[in-house]
Structures are given as structure tokens and as C-alpha cells.
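Enquirer: When you get a sec, could you build the whole thing from the sequences and use the hints?
For my numbering, add 14 to where a residue sits in the sequence shown, where the first one is 1.
Everything labelled a hint here was simulated from the structure, so no lab data went into it.
Watch out, some of these pointers could steer you wrong.
[Unchecked claim] Subject to a maximum C-alpha distance of 20 Å in a straight line, what follows is the list of computed EDC-like cross-link-like pairs (lysine to aspartate or glutamate):
(1) K168 with D143
(2) K275 with D344
(3) K150 with E127
(4) K101 with D309
(5) K107 with D146
(6) K275 with E251
(7) K34 with E44
(8) K168 with D154
(9) K101 with D344
(10) K168 with E319
(11) K121 with D146
[To be verified] Label pairs and their calculated CB-CB ranges:
(12) K48 with V336: 24 to 34 Å
(13) Q323 with K45: 18 to 28 Å
(14) K45 with H145: 48 to 58 Å
(15) T212 with H145: 14 to 24 Å
(16) R130 with L190: 45 to 55 Å
(17) Q240 with D344: 18 to 28 Å
(18) R220 with Q165: 18 to 28 Å
(19) T81 with G120: 11 to 21 Å
(20) Q240 with P144: 16 to 26 Å
(21) T300 with A348: 15 to 25 Å
Ideal Cβ positions, reconstructed from N, Cα and C, are used throughout, including at glycine.
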Amino acid sequence: MVTIYDIAKQAGISPATVSKVFNNYSDVSEKTRKKVLETAASMGYYPNSSARTLITKRSWTLGILFTEVSGKGIRHPFFNSVLESFKNAAESKGYDLMFISKYIGGKRTSYLEHCRFRNVDGVLAVLLDPHDPDAKELTDSDLPCVFLDYQSTKAGTVHSDNLNGSYQAVAYLHSLGHRRIAHISGGRNSLAGIERQTGYELALQRLKLPKRDDYITADGGLYTEQSGYQAMMKLLELSEPPTAVFAAGDNLAIGAMQAVKDKGLAVPGDVSVVGFDDIEMSAFITPALTTVRQDTEALGSRAAEILIQSIETVRSPETVVVPVELIVRDSCQAI
Numbered sequence: 015m016v017t018i019y020d021i022a023k024q025a026g027i028s029p030a031t032v033s034k035v036f037n038n039y040s041d042v043s044e045k046t047r048k049k050v051l052e053t054a055a056s057m058g059y060y061p062n063s064s065a066r067t068l069i070t071k072r073s074w075t076l077g078i079l080f081t082e083v084s085g086k087g088i089r090h091p092f093f094n095s096v097l098e099s100f101k102n103a104a105e106s107k108g109y110d111l112m113f114i115s116k117y118i119g120g121k122r123t124s125y126l127e128h129c130r131f132r133n134v135d136g137v138l139a140v141l142l143d144p145h146d147p148d149a150k151e152l153t154d155s156d157l158p159c160v161f162l163d164y165q166s167t168k169a170g171t172v173h174s175d176n177l178n179g180s181y182q183a184v185a186y187l188h189s190l191g192h193r194r195i196a197h198i199s200g201g202r203n204s205l206a207g208i209e210r211q212t213g214y215e216l217a218l219q220r221l222k223l224p225k226r227d228d229y230i231t232a233d234g235g236l237y238t239e240q241s242g243y244q245a246m247m248k249l250l251e252l253s254e255p256p257t258a259v260f261a262a263g264d265n266l267a268i269g270a271m272q273a274v275k276d277k278g279l280a281v282p283g284d285v286s287v288v289g290f291d292d293i294e295m296s297a298f299i300t301p302a303l304t305t306v307r308q309d310t311e312a313l314g315s316r317a318a319e320i321l322i323q324s325i326e327t328v329r330s331p332e333t334v335v336v337p338v339e340l341i342v343r344d345s346c347q348a349i
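Expert: Here it is, written out as C-alpha cells:
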């Protein structure tokens, strides 16, 4: 069996340096790292994970808690992109990934218990329910955690600038002459839903537009096309329907656009629509959707960076707010 001593001898490098390469120490030059890895590969050597854990006191595994409730799960295009970015950043630092649930071997457990059982070094939690006691147990623990779209003073958090994004969306519609602007809300069970509705309401206030309760619908709580469709149907049935709609997610906006068409109306001729996320489909539907783009690459990579730093060093919880950008396409027009 090939050992690190064999690799060191073959590469003409000390065993200590070979060990540093396999354990991702930063004080090794890229040239040396490449030489060690190439030599190891040529000799058919693969580090034993159990031995590595005993030496480094780490499993080199990160847990992922994903509780997206729309039914799309990891297939949801936005979260798929974020997790892909997180995966790439984590793997570049030598970490493997593992999904965490409330079940081990078919038996119910808590998130924290599962993390302990799997011996993960830290966990990325996506869209945890703030009212879930298992979520609180996780945030109160000493396990390094980073949360996406969640508020916590005890762990690192990463989220988009939802408030500013919502303001940009409403301000853009206002600049086109729209004054009856409705909002298909994502509900108040997630940070994103709360902040996007708050941003919408703040924009109305700053632009001196009246806030109408019948123009805010929470039917979009699941962020699905069906939710957006149902919400838009309710808005179109009002005695004074809106001329423009800002939806808290692109799937909601796509559903809303279909509702407009099914009513015999046109987007943007009768109703202008703005979404939030900029999922890939948004650019390819007809008309192409104007939306607020979230930087999925930055969200995922920053989450990985913060989590790994909290594992490898002692740091205070860090909150990162990632900028957003309004992407203007064809689903809006001047009134």
C-alpha cells in the first residue's frame, strides 16, 4: 500500500509537506501542491478519510440542510445555482458535502442530532422555518453554521439585498407611469418574503403612492407558478385591477403572466410584470421577464467561505448582504 512516505520519497519532498498538501494547509506553494498531487495520482494513492479525521480532528464534510417547500426541492433553479456555487467553493477547499434531514435510518431525529451522527464539521442551512424548534436548537449549538435567507445573531448569514431589489422593481414601474402597482408576496414565513414585501411597501411610501391592502396578496407563499397564477386571478377580479405587478419570485411572475393571458389580456399591453431571482427561464419565456437578478455565484461562494472560516478559525458571526440588479426585458411598458 502506498503511503505518504513513499510519495515524499518519489517527489523529493518531506513527508510533512505531503501531509500539508493532503490536509489543505495554505502555507504550501501551488507548484509544490501540484507536484505532490500528480505524484500521488501516478502512484495510485488516495487519502483514507478515517485516518485523515483522526489526524486533523475534522471529517472534512459539510452538511446541507435544504427545506424549500414549493415541492421543487433542489430542482428549483435558483437554489440549484446557489448550491452548485457552494459545492464548487467547498470542494476547492477539500470538503465533501452531505445532505442532512430529520431522519436517520427511517427514524425521526433533530437536525443537530443528525449533524452530530454524521460528524459534519459545519452546516449550510437553506430556508429553515424560523418557528421550527429544531432550527433553534441548531442555531443555539456550537456547531459552525451559515444560514441562507434566515436571520440569526448566533451564526453567519447570507442573503440578497431584498429591500433594495424590491425598491428598484417598484421604482422602475413608477418611472413607466404606473401608479396602480400590486405585489404578489412570498408571505412572511421567510426572510426573503418579509423583506421583499417590506421593500415594496417602503417604495410606495417614498414614491408617494397609496398602500392598498387589496393590492398585496400572500397567495405566493410557496413561490410556485400555480401560486402566482391564483394570486394574479384575484388581482384581476378587483373592481380597479392593477396596471403593474411586482412578484416576489420569478416562478410567481411566470404564473401571473399566464393568468393575464388566460383572462384574454396581454403582458405588457394590459399588465406589466416584474419578478425577482432571474432564473434561467426568465430570459426565454414570451415576453421575456423583467426581473431582479440575484447573484447566485456570490451567495453560494460567500456562504462556503464564511462557513469554512468559522470551522478553521474563531470568528464572530458574519452577515453578508449580496447586491442585486434590475434586469430590464420585455414584460413591462410605459402606461
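Enquirer: May I ask which of the numbered hints given earlier this structure violates, with the numbers listed in increasing order?
Expert: 5, 9
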